[in-house]
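J.: As a plain string of letters, each chain reads:
There are 2 protein chains.
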Amino acid sequence: MNIKLNRGFSNLGSAYLFSEIAARVNAFKHENPTVKVISLGIGDVTLPLAPCVVSAMRNAAERLGTREGFVGYGDTQGLLELREAISERYSSLGARIGADEIFISDGAKSDLGNIFELFGDVTALICEPTYPVYADAALMSRKRIKILPCGAESSFLPSPDELEREPYVIFLCSPNNPTGTVLDKNSLKKWVDFALFSGSVIIFDAAYESFISGGELPRSIYEIDGAENCAIEVCSLSKMAGFTGVRCGWTVVPRACKSGGASLHSLWARRQSTKFNGASYISQIGALAALSDEGKRQNAENIAYYMENARLLGEFLEGRGIEYFGGAHAPYLWLKCPRGMDSWGFFDHLLKNAGVVGTPGAGFGASGEGFFRFSSFAHREDILEAIERMGKLRL
Amino acid sequence: MNIKLNRGFSNLGSAYLFSEIAARVNAFKHENPTVKVISLGIGDVTLPLAPCVVSAMRNAAERLGTREGFVGYGDTQGLLELREAISERYSSLGARIGADEIFISDGAKSDLGNIFELFGDVTALICEPTYPVYADAALMSRKRIKILPCGAESSFLPSPDELEREPYVIFLCSPNNPTGTVLDKNSLKKWVDFALFSGSVIIFDAAYESFISGGELPRSIYEIDGAENCAIEVCSLSKMAGFTGVRCGWTVVPRACKSGGASLHSLWARRQSTKFNGASYISQIGALAALSDEGKRQNAENIAYYMENARLLGEFLEGRGIEYFGGAHAPYLWLKCPRGMDSWGFFDHLLKNAGVVGTPGAGFGASGEGFFRFSSFAHREDILEAIERMGKLRL
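Chains as they are written, first to last, in the working numbering: chain H, 132 to 526; chain C, 132 to 526.
Incorrect hints may appear among the rest.
Heads up, the list lumps identical chains together, so a pair's fine if it works in one copy or across two of them.
As a list, the in silico DSS-like pairs of lysine-lysine whose alpha-carbon atoms are at most 30 angstroms apart [said to hold, decoys possible]:
(1) K389 / K277
(2) K320 / K135
(3) K483 / K316
(4) K321 / K277
(5) K316 / K135
(6) K167 / K467
(7) K135 / K389
(8) K316 / K160
(9) K167 / K135
(10) K316 / K277
(11) K320 / K277
(12) K135 / K277
(13) K321 / K135
(14) K135 / K274
(15) K523 / K483
(16) K316 / K427
(17) K274 / K389
(18) K274 / K167
(19) K320 / K167
(20) K320 / K160
(21) K277 / K467
Hint data in this document are derived by calculation from the structure and do not stem from the laboratory.
Required output: the full structure, derived from the provided sequences and hints.
T.: Rendered as structure tokens:
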């Protein structure tokens with residue numbers, strides 16, 4: 132074969148982080164076959180789906196087996212009822228997003244990666260530490276990258292204060308993965324104002340918004356005036372409703388988002404109708420149930436369970452005098468590695484001496500070095516046992 | 132916003148074909164509210180899912196509601212059992228494809244569009260008339276396009292005989308949408324040989340392979356020696372098992388596919404792990420059931436039903452002396468518009484005088500002008516009524 136390949140791939144590191152973790156964990160298990168390893172590592176949920184979601188999806192599967200209930204290709208943009216339910220959800224946050232501005236997806240990751248197809252020669256602004264997909268997708272689509280380091284000195288909260296006023300494709304994730312920090316309304320308004328002044332577009336990753344409690348912190352960027360002119364929001368039912376295996380999410384591209392007179396909404400609609408055929412009907416019916424009053428109530432119990440896990444982990448860290456971020460409105464705790472250990476050093480220390488797995492902060496960008504992520508998505512007994520084991524450690 | 136947009140979009144036509152059809156049908160319905168319009172237009176299945184698929188998906192949904200059975204993120208490449216079942220399916224065709232060379236997708240359309248991300252500066256070879264996604268996706272990713280017209284003079288079967296020996300990204304769809312024609316082993320071997328000589332890669336769209344009967348015609352490009360070095364195959368359960376709404380398919384990228392020493396398999400694995408999070412667990416469990424012996428038996432009944440529809444339509448066309456292609460190993464019949472009508476003229480004639488909707492061939496590229504597509508995916512009584520109404524027409 133003599134075909135020119137996409138050179139963007141050669142700028143990527145290997146998918147190093149989780150494969151390196153798996154390799155070290157496997158080596159440990161091999162040497163210590165009797166130790167039960169507890170994972171506070173991966174950001175995957177563990178609680179079963181809400182009963183009303185299960186029942187809706189079971190019924191949807193059964194309908195597909197009947198002549199009257201069979202459904203083939205749907206609207207590529209997603210079931211209208213589901214988009215209307217999401218539109219109402221935005222109303223409840225004080226944001227006006229029409230059902231026609233919402234595109235149902237098979238999850239946030241696909242859209243966060245594919246969003247670069249909208250753009251030509253642009254610079255992606257990546258606020259590190261963060262979810263590695265933004266930078267990887269930018270490299271694959273051969274975009275320039277500007278890293279904005281947001282380390283401990285800024286409490287891991289990105290700010291545009293020092294940025295040159297150039298147009299960027301800005302990635303913001305709040306509540307943040309991995310740091311668990313949340314942009315408040317003032318901080319988010321600064322970003323919206325910066326985007327409007329500089330001609331930038333914001334890609335707002337709201338995948339963890341369900342972990343925000345109380346009414347003060349913004350759950351959507353559209354709670355900020357003017358965001359509809361400069362921001363695309365990507366959201367997901369993965370963490371909100373345990374859909375990591377079911378696969379359903381959505382992306383909002385407001386009709387007011389325009390550049391040089393062209394509508395980003397029209398471009399995204401064209402992209403999706405050409406290269407996507409809609410999310411699974413069964414998953415969409417499950418999503419509709421998850422967004423019903425009953426679904427919200429049932430899922431709130433799961434969120435509360437994870438947040439109690441986060442509280443227990445936070446209490447432990449505080450008790451040991453270990454500084455950490457997050458854990459209050461996010462399922463992640465982002466801790467400073469004790470005794471000056473680096474991220475991987477602390478990883479090895481925890482694994483070897485307590486059989487507990489977490490995620491080294493350095494895997495989320497250079498600004499993450501010296502920090503470490505705990506996820507609170509485990510079952511309660513595992514959280515408690517991890518705390519007990521770590522309690523016996525020198526930290 | 133002052134962000135450079137992807138100029139590839141400006142080279143696209145609007146998604147004209149099916150929206151124009153819908154507009155004309157709606158106008159007709161508005162003027163003729165009592166006429167039941169029969170659609171032989173869209174390529175969507177209508178029969179309910181096979182019972183064993185429904186039961187597998189219902190059980191999968193229920194398992195997700197239990198602590199023991201809950202499943203979150205899976206392998207991005209897909210469930211191993213499903214990939215093994217597909218690998219065995221290739222074995223039964225005499226092709227050796229390992230489970231690790233198979234990537235489960237949410238359907239063929241996504242992968243056919245996204246496949247361009249593997250490539251740099253290349254020319255896509257599009258054999259028209261064909262499924263519009265290949266050319267649209269090529270334009271979106273700013274690739275050059277070379278159209279190979281494959282009209283009536285070549286019986287709508289593409290051949291590389293007259294092609295310059297340059298490296299192309301060659302799209303082949305067999306059985307073809309819209310023409311229903313099928314490449315036999317000799318014709319397909321010519322393409323594989325051409326690809327090997329010219330350094331090209333073939334993207335083989337096998338979405339309609341289930342409609343091939345008998346053992347002579349190839350259902351997979353990997354039935355041809357050497358294809359594993361130059362071909363990617365994209366397949367789907369949409370037509371095979373009625374999964375147009377459920378969403379599940381697969382793409383084979385053989386490990387032997389290399390260009391300039393780089394492995395296309397590694398690149399696609401990296402692409403998928405970065406920008407995809409796996410197909411829905413429930414859909415994958417449904418796919419596994421569809422590929423079981425019981426599933427194959429139940430789905431064969433549906434395929435036979437559609438093919439009997441095709442036979443009835445073909446019998447009608449023959450009776451009226453109308454030349455057509457396809458309909459024997461494909462759910463599509465591709466007919467020459469009678470009395471020298473052009474595609475849209477015949478569309479209007481059929482709609483206004485018989486209330487029957489088909490698809491104008493011109494919508495699949497210039498070589499489709501003067502031809503027309505019937506789909507056999509309707510319910511039997513609609514096929515019979517359409518034939519009865521058309522029987523009264525001057526054709």
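J.: With reference to the structure, classify each hint as holding or not holding.
T.: Here is how each hint holds up against the structure:
1. K389 / K277: Result: close within a single copy only, 23 angstroms intra versus 32 angstroms inter.
2. K320 / K135: between (44 angstroms within a copy, 24 angstroms between copies)
3. K483 / K316: Neither way: K483 and K316 sit 42 angstroms apart in one copy and 58 angstroms across, limit 30 angstroms.
4. K321 / K277: within (19 angstroms within a copy, 48 angstroms between copies)
5. K316 / K135: Between. Shortest inter-copy distance 28 angstroms satisfies the 30 angstroms Cα cut-off; intra-copy 46 angstroms does not.
6. K167 / K467: within (25 angstroms within a copy, 69 angstroms between copies)
7. K135 / K389: between (33 angstroms within a copy, 11 angstroms between copies)
8. K316 / K160: neither (45 angstroms within a copy, 51 angstroms between copies)
9. K167 / K135: neither (48 angstroms within a copy, 52 angstroms between copies)
10. K316 / K277: This pair counts as within: shortest intra-copy Cα distance 24 angstroms, inter-copy 51 angstroms.
11. K320 / K277: This pair counts as within: shortest intra-copy Cα distance 21 angstroms, inter-copy 48 angstroms.
12. K135 / K277: both (27 angstroms within a copy, 16 angstroms between copies)
13. K321 / K135: between (43 angstroms within a copy, 23 angstroms between copies)
14. K135 / K274: Result: close both inside a copy and across copies, 18 angstroms intra and 11 angstroms inter.
15. K523 / K483: Classified as within; 13 angstroms inside a copy, 82 angstroms across copies.
16. K316 / K427: within (24 angstroms within a copy, 56 angstroms between copies)
17. K274 / K389: both (20 angstroms within a copy, 25 angstroms between copies)
18. K274 / K167: Classified as neither: same-chain Cα gap 44 angstroms, cross-chain 52 angstroms, threshold 30 angstroms.
19. K320 / K167: Neither: 46 angstroms inside a copy, 54 angstroms across copies.
20. K320 / K160: Close neither inside one copy (48 angstroms) nor across copies (50 angstroms); limit 30 angstroms.
21. K277 / K467: So K277 and K467 pass the 30 angstroms test inside one copy only (25 angstroms; across, 57 angstroms).
Of the numbered hints stated above, those contradicted by the structure are hints 3, 8, 9, 18, 19, 20, listed in ascending order.
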